[in-house]
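Enquirer: Chains as they are written, first to last, in our numbering: chain H, 293 to 643; chain V, 293 to 643.
No wet-lab data here; the hints were simulated from the structure. There's no promise every hint is true.
Same chains, same names: a pair is fine if it fits in one copy or spans any two.
Simulated crosslink set (BS3-like; lysine-lysine; CA at most 27 Å straight-line) [as the list claims (entries may be wrong)]: (1) K428 with K368; (2) K381 with K515; (3) K641 with K631; (4) K374 with K349; (5) K424 with K574; (6) K454 with K507; (7) K501 with K515; (8) K574 with K501; (9) K574 with K641; (10) K362 with K507; (11) K381 with K362; (12) K489 with K574; (13) K453 with K641; (14) K362 with K349; (15) K313 with K507; (16) K507 with K349; (17) K507 with K428; (18) K574 with K362; (19) K641 with K454; (20) K313 with K631.
There are 2 protein chains.
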Amino acid sequence: MSETITAMASPNIALVKYWGKRGDGSLNLPNNSSVSFTLSENILNTKTSVAVAPDLKEDAIYINGELQPKDQKNEKTTFISKIIEEMRKNAGFSDNLLVVSNNSFPTGSGLASSASGASALVFALNEFLGLKLDSKELSIIARRISGSACRSMAGGFVYWKKGELDDGSDSYAEQIAPQSHWDVVDMIGIVNESRKKVSSSQGHSATTKTSVLYKSRPEYAEKNADLVVDAVRNRNFAALAEVVMRDSNNMHATMLDTWPPIRYLNDMSWDIIEAVHDLNGKNGESIAAYTFDAGPNAHVITTAQHANEVREMLSEVMGEGSRILEAPVGSGPKLLSEKDSLITGEFLKNI
Amino acid sequence: MSETITAMASPNIALVKYWGKRGDGSLNLPNNSSVSFTLSENILNTKTSVAVAPDLKEDAIYINGELQPKDQKNEKTTFISKIIEEMRKNAGFSDNLLVVSNNSFPTGSGLASSASGASALVFALNEFLGLKLDSKELSIIARRISGSACRSMAGGFVYWKKGELDDGSDSYAEQIAPQSHWDVVDMIGIVNESRKKVSSSQGHSATTKTSVLYKSRPEYAEKNADLVVDAVRNRNFAALAEVVMRDSNNMHATMLDTWPPIRYLNDMSWDIIEAVHDLNGKNGESIAAYTFDAGPNAHVITTAQHANEVREMLSEVMGEGSRILEAPVGSGPKLLSEKDSLITGEFLKNI
C-alpha cells in the first residue's frame with residue numbers, strides 16, 4: 293500500500309436524465325436508465341487524495357479545504373463516511389483515514405460536483421486499500437453516494453442501466469463508446485441563479501410522490517435512453533439532438549407538475565432554448581441540443597465542427613462577459629502521481 | 293325586430309383549464325370538462341351592437357374601430373362570419389348586418405378578449421334576429437367561435453361539460469352557482485411579455501400531438517373539475533386553491549413537454565407563484581391561488597376578505613406602478629339600452 297493515493301475524476305452530462313428513485317430512495321436506484329458522456333477533466337475535475345492517519349481519533353474528510361463535521365445533517369457527507377467505513381472493512385483495514393478532496397469548478401457556478409467527487413473518492417479508495425474491485429462494483433458504490441456519480445466511473449459515453457433488483461446489484465453504469473468515438477462537446481452557459489433552490493434529493497422524492505404527469509416519464513425516458521445509445525453508436529447528431537432536448541423538457545415538465553412546483557429553468561434558460569431552436573431551424577438540421585439539470589445552467593451539446601457557432605450564439609443570448617465553458621468528452625477517472633498529492637507537508641502543517 | 297341591439301359580456305377565468313381538443317379541432321370540443329367564473333363586466337367587458345345594413349354589399353364587422361377584412365387568414369374572424377351566416381339563415385333573415393364590437397380591455401394587456409367578444413356577439417344576434425335560443429344552444433354557438441367563450445354565456449360560476457358526442461351537441465356550459473353565491477375575486481397582475489407568442493389555437497394542437505405527458509392530463513383535469521365544483525358549492529377556499537394551482541401547473545407542464553416547447557410563464561410569473569406559496573404558508577392555510585392562461589399574466593384568486601393582502605403581495609412582487617386589476621364575479625351577458633349603442637350617427641359618418 294502506498295502512503296498516499298491521489299485520483300482525479302470529472303462530472304458527466306446526462307443526455308437522458310435521471311429523475312425519480314425506486315424503492316425507498318436510499319440506494320439511489322433510478323426509475324429509468326440514463327445516458328451521459330463524461331466531461332473532460334481538463335475543464336472540470338475533482339482531485340482526491342487518501343492517506344492513513346493513525347494519529348487521528350476518527351476519519352477526517354476535507355472538501356475544498358474545509359473539514360466536514362461528523363455530527364451533521366448533510367445526507368451526502370454522512371453517506372461518504374458510510375462508504376469509507378464499508379470499503380475499509382472489506383479491505384480488512386483498521387486505521388483512520390485522511391481524505392482531501394478539491395474541486396476545480398468555478399465558484400458559485402451551480403455545477404454539480406457530487407458526481408466527480410464521489411467518483412474520485414471511490415477510485416482512490418479502491419487503489420489505496422488494494423481492493424481491486426471491477427468497474428461494475430466501483431460504479432455501484434459511487435451510485436450509492438450520489439446516483440449519477442456511477443456514470444462518472446467510466447470515460448467516454450456511458451449507459452446507466454436501471455436494473456430490476458431491490459438490492460441494486462444490477463443497477464450500474466458501463467461505457468458504450470470511448471472518448472475517441474465522437475468529438476461532441478458540452479458548451480456550458482453559466483446562468484446566474486438568484487432564487488432559493490430545491491435540492492435534487494428533495495426534488496426526486498417530491499416529483500415521484502406528487503406529480504400526476506411523472507407516471508408516464510419512466511417508460512418514455514427508458515425509450516429515450518435506447519434511442520440515444522443508437523444515436524451515439526451511429527454518430528447521428530440530428531437524432532441525438534431531438535431526444536436530448538425532449539428528454540430535458542420532459543423532466544422539467546414533471547418538476548413543474550410537482551406540488552409545490554419546482555422551478556429550475558429561468559428566463560435566460562428559456563432564451564437559450566429558443567435560440568437553439570432558431571439556430572437549428574436556420575441550419576436546416578439540428579447542430580445543437582440544450583439540456584438542463586437541476587439548475588438554470590445551459591448545457592448545449594454540439595460537435596467540434598459547430599462549437600464556435602454555438603459559442604457565439606450563447607454569447608449573444610447571454611451578453612458580454614458571460615461565463616461559457618467548453619467541455620469535450622473526457623477519459624474518466626485516473627490515478628495521479630505522488631507529486632499531485634493534495635496531502636502536502638504544507639497542508640498537514642495547516643490542519 | 294329592433295333597429296339596433298347592443299349586448300355586453302365579459303371574459304371568464306378558468307379554475308380548471310381547457311387545453312387540447314378532441315376530434316379534428318374545428319368544433320372546439322375539449323378533452324376534459326372545465327370550470328370558471330365569469331369576471332365582473334365593470335372591470336373587463338366587450339360591448340357589441342348589431343344593426344341591419346341593407347346598403348352594404350356584405351356583412352361589415354368592426355372590432356375596436358377596425359373593419360375586419362374578409363379575405364384573411366384569421367381563423368377566428370372567419371368563424372365569426374360563418375356563425376353570423378348560420379344564425380341569420382336560421383332566422384329566415386336575408387339583409388346584410390353591421391356588427392360593431394369594442395373591448396374595454398387595457399391595451400396590450402394580453403388578456404383574452406375572444407371569450408367576451410364571442411359571447412356578446414352571440415347574445416346580441418340571438419336577440420336581434422328573434423331566435424329565442426335557450427342558454428344551452430347559445431353556449432354551443434359561442435363554443436364554436438372560441439372554445440372557452442361558451443363559459444362566458446352565463447354569469448357566476450360555470451361548468452363546461454366535456455360531452456361525448458362527435459357533433460358537440462352535449463358539450464356546453466352551465467351555471468353551477470350564481471354571482472351572489474361566493475365573493476371570490478380574480479386579482480390580475482398584468483405581466484409584460486416581450487417574447488413571441490404561440491397562439492392558443494396552435495398550442496392546443498401541438499400539445500395533443502406531441503406531448504407524451506399530456507396523455508394523463510384529460511383524466512386528471514376531469515377529476516379536478518369535479519373537485520372544483522364541490523369546492524365552489526361548499527365555498528371551501530382551501531380545497532379550491534390547491535386544485536386551481538395544481539391544474540394550472542399541470543397544463544403549463546404539458547406545454548413545456550410539447551415539441552417544440554411552449555413557454556407562457558416567465559420569471560415574473562414564477563416569482564408570483566412562489567409569493568403565493570409563501571403567503572399561504574404564512575397564513576397556515578390557502579387564502580390565494582394562482583392560475584395562468586396562455587400568457588404570463590397572473591390571475592390570483594382570493595376572497596373579498598383577503599383581497600387587500602393579495603393586492604399588496606402582488607404589488608410587492610411586481611414592483612411599483614404595476615398594473616393590477618381586481619375582478620369580482622360577474623353576472624354574465626346582458627342587453628344594453630338603445631342609448632348604449634355603438635352604432636351612433638357619429639360612427640356611421642366615419643366609416
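Enquirer: If you check each hint against the structure, which ones fail?
Expert: 2, 5, 9, 10, 13, 16, 17, 18, 19 and 20
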